[in-house]
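Here is what each chain is made of, one letter per residue.
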Amino acid sequence: MDHQPQLETMAVNPARVGNSKAIRMKSFYKKLAKNKAAMVGAFIVIVFSLLAIFAPLLAPYDPTEMQLSKKLETPSSEHWLGTDDKGRDILSRLLYGSRISLTVGILSTLLGALTGIILGVVAGYYGRWVDSLIMRICDVLLAFPGILLALAIVSVLGASTTNVIIAVAFYAIPTFARIVRGSTLTVKKLEYIDAIKAMGARDTRIIIKHILPNVLSPIIVQSTLYIASAIITASALSFLGMGTKPPTPEWGTMLAQGRSYVAQAPHITLFPGLVILLVVVGFNLFGDGLRDALDPKTKK
Amino acid sequence: MSDQALLEVKELKQYFPIKGGVFGRTVNHVKAVDDVSFTVNEGETVSIVGESGCGKSTTGRAILRLDNPYSGNIYFQGEDLVSLSKSQMRKKRKDLQIIFQDPYASLNPRQTVSQILEEAMEIQKVIPKKDRRKKITELLETVGIGAHQIDRYPHEFSGGQRQRIGIARALSVDPKLIVCDEAVSALDVSIQAQVLNLLKDLQRKFKLTYLFISHDLGVVRHISDRIIVMYLGKIVEVADKKSLFNQPRHPYTQALLSAIPSTNITERRERIILTGDVPSPIDPPAGCRFHTRCPLAFDRCAKEEPKLMSVSGSGYQQVACHLTEESKA
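Protein chains in written order, with UniProt numbering: chain A, 1 to 300; chain B, 1 to 329.
Keep in mind the hints are simulated off the structure, nothing from the lab.
Note that the structure is predicted; figures quoted are calculated from it, not measured.
Some hints here could point you the wrong way.
What the hints assert, rightly or not - Chain B side only, calculated, beta carbon under 8 Å to chain A, not exhaustive:
#1 91
#2 93
#3 102
#4 105
#5 110
#6 173
#7 176
#8 177
#9 316
As the list claims (entries may be wrong) - Computed footprint of chain B on chain A, listed as stretches where at least three residues anywhere in the stretch have a Cβ under 8 Å from a Cβ of chain B:
#10 187-200
#11 205-214
We treat Cβ as the ideally placed atom computed from N, Cα and C, and that holds for glycine.
Given only the sequences and the hints, what does the whole structure look like? Please build it.
Listed below in structure tokens is the structure:
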């Protein structure tokens, strides 16, 4: 090697050492920002998160205060989204409800996904009896209908919002474990895993730095989808009296309670339904965009 | 080239179990590599050739313990790799590296080139952190990749460039032996030549020893000092390049060589066309494994397994064939 390139590399490098990570982060944000659908999704998610955080400041009425004289009122300037069958302000109830629904949806998905990912990657990577054991347990869990399993867990642990989170998270485990195991099986056979093994890497490094990043895309999409279904499952549990107790506002409970008045006062079910739909769509759009932005192969 | 053995493979067997029945019992084995012994001297390039499924890649992987061998010993600088614990082997891996066939699958798509090389250095702790970046640029330049491409992802490179990155990764830990597992087979011919020449240059520069696994005799002829010919998990012939190409002794080697396309139209060579298929490695034929397809087979071939024996000639040559043994006697 002659002198010229040596000097050049010396000149180029120090400036780039610290920058390369920043450059990569920047290109990630740029890609995400260019994706319009993802931005809409992010906007919805952020708006709902803010609404949930500032609910006490924003809500015009006490969400549990009943004004029986004003029951089943249609939207008006006084009650923007109308009142329900007990005369409670629907807008206030929705705002407060977003706190419970979002917390349950996000926390249970995080908890379930994390456990599922660990189990799935361990099963896929180590194979043999570890794999058989974990997957058979997942099969057993998957054999129960989701709501039945959640019901059983909540009835054992007792009805409370925390236990609903645990129950919903529990049901997420086998789904995530299966997805991650499948992707792990594919990825671990690729030559770059052999290459890093031949380099002398430990199993933990291989799993964390080489397998996990490459099985991430389906997990992200599944997580955003699962947040949506977690919100619905939590609502269903509340409806059955096994979750959040009735006076506390919760989207699913509201939806269920308005059921008997669909013909006379459709707005009672319409608004909670719309809100759930909007949040679900928001998370899905954002998740899709996130996956694309995380993949270095998509165009900048 | 010194005559000191860097790598010595002794009676290596690689059997893969076939599971069957209700309880997943092992019902049989695929005998991918069956009793293979050879040595690789320091600074030498030894090639293993043979058709698909003859066990050449399996041998390479077993040497690196990417798949643990079924039985046998692998001595590297006198130390038996098979007896090493997992953590001892991890340290040893610094000296034994591999270049893979498919440059599209052998680089993690989520790491930039510099991350790939840096991680290798980090694992084996070969270079202090502050000097790594400089070393990476140097290495990449050695294999012909510019400093401005250091932060790119693998998909931004062509196949040949990626293979160079794979080579740089293998070199980054300063190894003694590199197993090139079909290292140029996935590249087109003009790039093949470039990469082969690069490998040769690097060998001189870093005093490397290569175990070159290939099915392409043209490539093998270009790069090797000695050549091992394998058929169905066994070595049928080992010879230095000159002896093998000038005077192949084993009928299988002869058939292989006759299949090399020639650019000389005046030279009319007789092609040896083998009949039938390669028998299954699950249940290989008794006696000489090649006897079912050998044009020169006789009674003894089906009964007795031929041993690898030296043949007197101008160079180094060993053949496992009853025919040469009998003609010698």
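Each hint tested on the structure:
Interface hint at residue 91/B: satisfied, since its Cβ lies 7 Å from the closest Cβ of chain A, which is below the 8 Å cut-off. The closest approach between the C-beta of residue 93/B and any C-beta of chain A is roughly 4 Å, which is under the 8 Å cut-off, so the hint is satisfied. For residue 102/B, the interface hint holds, since its Cβ comes within 8 Å of a Cβ in chain A; the closest pair sits about 6 Å apart. Nearest Cβ of chain A to the Cβ of residue 105/B: about 4 Å, under the 8 Å cut. The hint holds.
A hinted interface residue such as residue 110/B counts as satisfied when its beta carbon comes closer than 8 Å to some beta carbon of chain A; here the least separation is about 5 Å, so the hint holds. Interface hint at residue 173/B: satisfied, since its Cβ lies 7 Å from the closest Cβ of chain A, which is below the 8 Å cut-off. At a threshold of 8 Å, the smallest CB-CB gap from residue 176/B to chain A is about 14 Å, leaving the interface hint violated. Against a cut-off of 8 Å between C-beta atoms, the interface hint on residue 177/B is violated, since the closest Cβ of chain A lies about 11 Å away.
Given hint, residue 316/B at the interface with chain A, is violated; its Cβ is 30 Å from that chain's nearest Cβ, farther than 8 Å. Remark: the segment 187-200 of chain A is confirmed as covered by chain B, as 10 of its residues place a Cβ nearer than 8 Å to a Cβ of that chain, reaching the required three. With 5 residues having a beta carbon nearer than 8 Å to a beta carbon of chain B, the segment 205-214 of chain A meets the requirement of three or more and the stated coverage holds.
Taken one by one, the earlier hints fail for this structure at numbers 7, 8 and 9, listed in ascending order.
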